[in-house]
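K.L.:
Please work from the sequences and hints to get the whole structure.
Number of protein chains: 2
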Amino acid sequence: MGIKEMALEAKQASIKLAVASAELKNKALEEIIKGLENHKNQIIKANQEDLERSKNENLAMPLLKRLKFDEGKIEDVIQGIKSLIALDDPVNVTQAITELDDGLELYRVSCPIGVIGIIFESRPDALVQISTLCLKSGNAVLLKGGSEAKNTNRILYEIIKEACRKANMPEGWIQLLESRDDVNEMLKMDKYINLIIPRGSNEFVRYIMDHSNIPVLGHADGICHCYVDADADINMAVDIVEDSKTQYVAVCNAAETLLVHQAVAEEFLPKLKEKLEKKQVELYGCEKTRKIIDILPASEDDWKTEYLDYKLSIKLVSDIGEAIDHINQYGSGHTDAIITNNKENADLFMNLVDSGNVFLNCSTRFSDGFRYGFGAEVGISTNKIHARGPVGLDGLVIYKYKLFGNGHIVADYANKVKKFKHKKIK
Amino acid sequence: MGIKEMALEAKQASIKLAVASAELKNKALEEIIKGLENHKNQIIKANQEDLERSKNENLAMPLLKRLKFDEGKIEDVIQGIKSLIALDDPVNVTQAITELDDGLELYRVSCPIGVIGIIFESRPDALVQISTLCLKSGNAVLLKGGSEAKNTNRILYEIIKEACRKANMPEGWIQLLESRDDVNEMLKMDKYINLIIPRGSNEFVRYIMDHSNIPVLGHADGICHCYVDADADINMAVDIVEDSKTQYVAVCNAAETLLVHQAVAEEFLPKLKEKLEKKQVELYGCEKTRKIIDILPASEDDWKTEYLDYKLSIKLVSDIGEAIDHINQYGSGHTDAIITNNKENADLFMNLVDSGNVFLNCSTRFSDGFRYGFGAEVGISTNKIHARGPVGLDGLVIYKYKLFGNGHIVADYANKVKKFKHKKIK
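First to last, the protein sequences are chains A and B.
Plus 74 on top of the position in the first sequence (first one is 1) and you've got the numbering used here.
Plus 74 on top of the position in the second sequence (first one is 1) and you've got the numbering used here.
Honestly, the hints are just simulated from the structure, not real lab data.
Heads up, a few of these hints could be off.
Derived pair list, reagent style BS3-like, types lysine-lysine, alpha-carbon separation capped at 25 Å [claimed, not checked]: (1) A:385 <-> A:347; (2) B:78 <-> B:114; (3) B:235 <-> B:108; (4) B:156 <-> A:500; (5) A:500 <-> B:500; (6) B:490 <-> A:147; (7) A:108 <-> A:119; (8) B:101 <-> A:498; (9) B:492 <-> A:147; (10) B:129 <-> B:108; (11) A:385 <-> A:349; (12) A:119 <-> A:85; (13) B:492 <-> A:495; (14) A:500 <-> B:349; (15) B:90 <-> A:378; (16) B:235 <-> B:119; (17) B:119 <-> A:90; (18) B:114 <-> B:85; (19) A:353 <-> B:492; (20) B:147 <-> A:147; (21) B:139 <-> B:129; (22) A:85 <-> A:262; (23) B:500 <-> A:156; (24) B:265 <-> B:85; (25) A:417 <-> B:90; (26) B:147 <-> B:101; (27) A:262 <-> B:378.
Heads up, incomplete: computed chain A residues facing chain B, CB under 10 Å, no partners named [to be verified]: (28) 409; (29) 426; (30) 485.
Think of the CB as a built atom: it goes at the ideal place given N, C-alpha and C, for glycine as much as any other residue.
P.N.:
Here it is, written out as structure tokens:
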């Protein structure tokens, strides 16, 4: 089947899926859990084939680690599906009601977006998370995973498709793409596909945006900041910066730049340096920082760099305004944290920093769909429309307006025979 | 000032505007009303210059009519601003709260999008409506109106800018572009501008999408349908179709195609023909329709055409399923109405028709921001992400996540020292 046929099939299924009841969708999710449990050995076998082939092709060790899909990971995705079942149905929620006039009522009701195309990296667990989020939100989905994981992806796709068939979900709602050419074809399907979610590098997301007329929900770099305010608890600040930087360095919500108020720099910086050097973090500082601790010099480029590594740039600021300006200029609008006991400064920071996630006295690493309680996420958006931050079920729905009348015509209002009431009911 | 400087100024102003209080914004709106009232004569004089120049340049009569901005229209926009003042502030609304763990609370709070670029047609009232909607929603705005209205736009812009200065709004939040080259420059400013809203023809919207990396909120054709069901009240159906087609033909929410259930066609069609012929509506029908009433033949192309004129295509269908399929295939996802007394069919239609606005027993012409009670609208979106249907204040905000902690780090959860509670509070 060609991509056009797959997209058309998904489009047709999406109309039926949009009206599937919460019970039906949860039943399908339960069937998926059963399917995963019953085919554990086959999944692990398929994954081992992928791992061996990738080892022979000299895939880097961190990527091999991401590709691995063992019993523990299968258990994790099953837990994820269970929490998804427990979440409220995001579809058919009445968001607002207005009585426009007697007998003329306007409802705004949530509904699925339609057909979503998702391109994701080599983690096979992403396939399960993404497709179950789409299912629960009533969206049809075209999936393209990393080619390293092709055997694992294929069997997971077959299990999910078969489970949904058993639960009487509409056929064709899930489609698996397998080649890079397929992706280029998919980008042209603006007639059938309503949203593309690319996961991967900044350059990759940019490529997708440049080659499609379909709206793209993507994320730019995660240049995340911690700002240690004059009124910070110093020990708390050390712990939060350490966690933000080192708890997992290869992810977009890890901190890359630290801003320190000059009033606490002398006390804070030596303590931080001692802690981070134990974890082999390389530090790059502005001139003022380097007068307090002996570290490498930071250049203008450091403020713009997403290291994704055991590296941290440090800048001293003379007040909170300078910290906010720095973040709004150099940050990527992802996640930024302030450490302070001053409520006024906290409010200032959280209102004026123009990022999707602004944190007080906690680690930037909390910026994540699972940690936010969304069950899972399709990605973290740095867009400023539609959905921002970790995107779970809420980001996969839109709404439609339903207007219920009883013979109402506009001429009566244009000719001033009748007048709108516009009474807000909900 | 170049476009880059204008966009940068708007970006800087947007950060301050985002935290402007509802009181301050409403005060600015009141100053704008005063400014419009105090400069009525100058506005009308500037508009007369535009009208005369445009007449000499042989601008078509309907466009001259749209360009005209007289005392009545000034009064209309003032009324619009008054209703905008009465609406709740869309910014800083807490949409959701989750307790992630003891002392770790996640808030989702609405905030402005940032900087919006709007390109609109020759109606000067659009400038006032759009800029006041942006002001109330806390967004900075770059405006480009039709060049026919340049004198009127210039004075309206100066009045709004001066009024906001008096009310102590941040300088630079509103910028006026005056040439077509400015628009092309604006489309490149993805660093500063967060959303482009183009109003105009389908081709124009497509051009903007093809020439910018900034997200675009645009609308495609309005190919709107009325479907007269087997259980329709025939007289009501005649009135609704007449209103949907003829109340104002040159707009996107006017009906273009009528679908009629075969069971009522013999009774309904002659009555409708009689009524519409009085208004000089040309009718095009499918073969079955033409066996009942003597009208011109419709071709496949008619189902895809937005006439924006006194023309209507008619098709007989054998059941509601055929009507829904026709709309989902040929419609543009704008506005579609069913006329029926059958509740089951009404539900089927309103759930399965994949349009932004689905109506029961009322005219498609109600699909409009003012009629929906939004005060005004920046446009009607046929997008399926972010905002759908008439876009008022709600479509001009997004949200940010604020996480309040007390030294919380992710390592404690990764190492299973602590466990998330994910307790939904709101």
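K.L.:
Next, verify each hint and record whether it holds.
P.N.:
Against the structure, the hints:
| no. | hint | verdict |
| --- | --- | --- |
| 1 | A:385 <-> A:347 | 12 Å, holds |
| 2 | B:78 <-> B:114 | 33 Å, violated |
| 3 | B:235 <-> B:108 | 13 Å, holds |
| 4 | B:156 <-> A:500 | 22 Å, holds |
| 5 | A:500 <-> B:500 | 16 Å, holds |
| 6 | B:490 <-> A:147 | 16 Å, holds |
| 7 | A:108 <-> A:119 | 18 Å, holds |
| 8 | B:101 <-> A:498 | 24 Å, holds |
| 9 | B:492 <-> A:147 | 20 Å, holds |
| 10 | B:129 <-> B:108 | 31 Å, violated |
| 11 | A:385 <-> A:349 | 13 Å, holds |
| 12 | A:119 <-> A:85 | 33 Å, violated |
| 13 | B:492 <-> A:495 | 53 Å, violated |
| 14 | A:500 <-> B:349 | 39 Å, violated |
| 15 | B:90 <-> A:378 | 24 Å, holds |
| 16 | B:235 <-> B:119 | 19 Å, holds |
| 17 | B:119 <-> A:90 | 57 Å, violated |
| 18 | B:114 <-> B:85 | 31 Å, violated |
| 19 | A:353 <-> B:492 | 23 Å, holds |
| 20 | B:147 <-> A:147 | 65 Å, violated |
| 21 | B:139 <-> B:129 | 11 Å, holds |
| 22 | A:85 <-> A:262 | 14 Å, holds |
| 23 | B:500 <-> A:156 | 22 Å, holds |
| 24 | B:265 <-> B:85 | 9 Å, holds |
| 25 | A:417 <-> B:90 | 19 Å, holds |
| 26 | B:147 <-> B:101 | 22 Å, holds |
| 27 | A:262 <-> B:378 | 21 Å, holds |
| 28 | 409 | 9 Å, holds |
| 29 | 426 | 6 Å, holds |
| 30 | 485 | 5 Å, holds |
In the structure shown, a violation is registered for the earlier hints numbered 2, 10, 12, 13, 14, 17, 18, 20, in ascending order.
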